[in-house]
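Protein chains: 2
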Amino acid sequence: MISESQLESALKELFDDPKFTAEPAGLYDPLRYMIAIGGKRIRPRLCLLAYSLFKDTLDESILQPASALEVFHSFTLIHDDIMDRSPLRRKVETVWKKWNEDTAILSGDVMCIESYNRIAKAPAAVLGAVLNLFTRTAAQVCEGQQYDMDFEKEEQVPMSEYINMIGLKTGVLIACSAKMGALIGGASQTDADNLYEYGFNLGLAFQVADDYLDAYGDEKVFGKPIGGDIVNNKKCWLTTRALEKADPAMKSALLEALALPSATAEEKAVKVAKVKGFYDALGIADEAKNEIVRLTAVAMDYAAASCSGEGLEALRRYAEKLVGRTS
Amino acid sequence: MISESQLESALKELFDDPKFTAEPAGLYDPLRYMIAIGGKRIRPRLCLLAYSLFKDTLDESILQPASALEVFHSFTLIHDDIMDRSPLRRKVETVWKKWNEDTAILSGDVMCIESYNRIAKAPAAVLGAVLNLFTRTAAQVCEGQQYDMDFEKEEQVPMSEYINMIGLKTGVLIACSAKMGALIGGASQTDADNLYEYGFNLGLAFQVADDYLDAYGDEKVFGKPIGGDIVNNKKCWLTTRALEKADPAMKSALLEALALPSATAEEKAVKVAKVKGFYDALGIADEAKNEIVRLTAVAMDYAAASCSGEGLEALRRYAEKLVGRTS
Chain A
1 MISESQLESA LKELFDDPKF TAEPAGLYDP LRYMIAIGGK RIRPRLCLLA
51 YSLFKDTLDE SILQPASALE VFHSFTLIHD DIMDRSPLRR KVETVWKKWN
101 EDTAILSGDV MCIESYNRIA KAPAAVLGAV LNLFTRTAAQ VCEGQQYDMD
151 FEKEEQVPMS EYINMIGLKT GVLIACSAKM GALIGGASQT DADNLYEYGF
201 NLGLAFQVAD DYLDAYGDEK VFGKPIGGDI VNNKKCWLTT RALEKADPAM
251 KSALLEALAL PSATAEEKAV KVAKVKGFYD ALGIADEAKN EIVRLTAVAM
301 DYAAASCSGE GLEALRRYAE KLVGRTS
Chain B
1001 MISESQLESA LKELFDDPKF TAEPAGLYDP LRYMIAIGGK RIRPRLCLLA
1051 YSLFKDTLDE SILQPASALE VFHSFTLIHD DIMDRSPLRR KVETVWKKWN
1101 EDTAILSGDV MCIESYNRIA KAPAAVLGAV LNLFTRTAAQ VCEGQQYDMD
1151 FEKEEQVPMS EYINMIGLKT GVLIACSAKM GALIGGASQT DADNLYEYGF
1201 NLGLAFQVAD DYLDAYGDEK VFGKPIGGDI VNNKKCWLTT RALEKADPAM
1251 KSALLEALAL PSATAEEKAV KVAKVKGFYD ALGIADEAKN EIVRLTAVAM
1301 DYAAASCSGE GLEALRRYAE KLVGRTS
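Chain order of the listed sequences is A and B. Everything in the first sequence is counted per this note's numbering, starting at 1 for the first residue and increasing by one. Everything in the second sequence is counted per this note's numbering, starting at 1001 for the first residue and increasing by one.
Hints are supplied without guarantee of correctness; some may be wrong.
[Unchecked claim] Not everything, but these chain A residues come out facing chain B in the computed CB check (under 8 Å):
(1) His79
(2) Ile105
(3) Asp109
(4) Cys112
(5) Ile113
(6) Val126
(7) Leu131
(8) Ala138
(9) Cys142
(10) Asn232
(11) Gly324
These are calculated hints, taken from the structure and not from any lab test. These numbers come from a predicted model, not from an experiment. Even for Gly, the Cβ is constructed at its ideal location relative to N, Cα and C.
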């Protein structure tokens, strides 16, 4: 099996020089910027890990498709940041804020197309399967973003619909990363499907963990102000579960708290404290932690159905790195 | 050879029911709308025509990739209309105007992805070649749009740069349409390349004709108010050539006319009349018509290098339909 340090240096090389066409600069500079500000490269990392379970040599036919996952993810962030009017991402200005909206639209578009340029490097024998998987996933990510925006207009969303939304917005691309690596590595259909489910459930766990940390994390570790979802009236697992669990009286009191203004720093602090008071009264934090553990266990069951030994251990370490941030 | 009426009914069937996924409606309704308001389907039409030069039977492996060209083109229009703040397209409201900007961004994204869903239906034997061709073309179209926007800030653009820009923005997708049809039809590399050049030069002729008609067309036939490029300070072949041809005194007088305000109907009429006065004094209209004829002849030379008889005649009729609007 390819060692983790080999995968690490392959990833580093891949994104230190992402090889975007040079001209016109107005179009490609935002791509270089977006890749440079980084992130944890969790999708290409998982793709390479899944591949390494089945094959021992790295070449462009896996490295390029793996990088496509990061390029595609960055494209969705560029466009999401316009739609969400987010001024900051990873502590620096977002593309629409640093340049302008038109640049963010068009550079995002070319980044989406660039991801296909990299997908096209998959081995001919699995190109059709990889292309279909990636394209279905890409459309689902857009569907997830649409549901997310639609939900902003709703007072309450059923848990099943919330899970469906985060599955589309976050789960499927992580699932696709694992399955794509497996397919290019030459895995059987069953193993590829098991790795898809591993990634999907891990993706759900990752999103629930993100929701949990948004309310209960350490600001220094989390990298964003705590309580952002509450302040911005964003649907999250905690609110969804709290509204589902509360009795009618508590539910209307919670809805009242969620409707509080949050313009000033003081209003923000009051609103976050009040809403978290309801979470605490309902035991929502513990439920979220249990749900993360449960989803991770489901993911590992799928992993164990196709892997054992060293490979399974690597998938366990990956899962812990990704969602183990609650402990 | 497949008859033109067979191609016609295949095209009709393809776009009467474009088969977009149903949910969420907020995401897919704009796609259905954009395809329904139509256009002349010139790209899939050319793709099918080029295919029919080499193969006699139509099936999904050509029909779906052909439709991808229209879906991709519609995606670029949705995003261009946001960037250009255009309220109308084909006499109806544009997507950002009818819905909103966020919807136009996200629906455009999913439309770009949907075009790849259709490209993926190409026969396995040529899928890699088709995917590479389409992806390179798609990136070039974005590059063309970026140059177009960059040029708005320039007082004057050299003719070579203007031609490069319309080649990217308009030429390459028509070229790609022809070559893709040829590749899927089983053409040799040489024939596929000749059809690419046929489409590329025809695409340039098409754009120069569009520029000509914008100033000299019949509003009822053209479908847009005459003089729109002049009113909106858009770079076009006529202005580019006029600024290149004028002596220094006339050039500065023309630049002055191009800088005139155009807020009211009267200002618009005055500005269009003044600028067209310079075109007339310099004989630009005739030069444009000659350029269209010249580019079309170049296109037909490439066609003749790979086709003869009935096939060549069909390519000639297609060219006349596309750019023969000056006569």
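Hints, one by one, checked against the model:
At about 6 Å, the closest approach between the beta carbon of histidine 79 (chain A) and any beta carbon in chain B falls short of 8 Å, and the interface hint on this residue holds. The beta carbon of isoleucine 105 (chain A) comes within 6 Å of a beta carbon in chain B, closer than 8 Å, and the hint placing it at the interface holds. For aspartate 109 (chain A), the shortest C-beta to C-beta distance to chain B is roughly 5 Å, which falls under 8 Å, so the interface hint holds. Among the interface hints, the one on cysteine 112 (chain A) holds; its C-beta lies about 6 Å from the nearest C-beta in chain B, closer than the 8 Å criterion.
Annotation: isoleucine 113 (chain A) was flagged as interfacial toward chain B, and the flag holds, the nearest CB pair being 4 Å apart, inside 8 Å. Because the closest C-beta pair between valine 126 (chain A) and chain B is about 11 Å apart, greater than 8 Å, the hint is violated. Annotation: interface hint on leucine 131 (chain A) holds; nearest CB of chain B at approximately 5 Å, less than 8 Å. The beta carbon of alanine 138 (chain A) comes within 4 Å of a beta carbon in chain B, closer than 8 Å, and the hint placing it at the interface holds.
Restraint check, cysteine 142 (chain A) versus chain B: the minimum CB separation of about 4 Å is within 8 Å; hint holds. The beta carbon of asparagine 232 (chain A) is not positioned within 8 Å of any beta carbon in chain B (closest approach about 16 Å), and the interface hint is therefore violated. Hint status for glycine 324 (chain A) relative to chain B: violated, with the closest Cβ pair at about 32 Å, above 8 Å.
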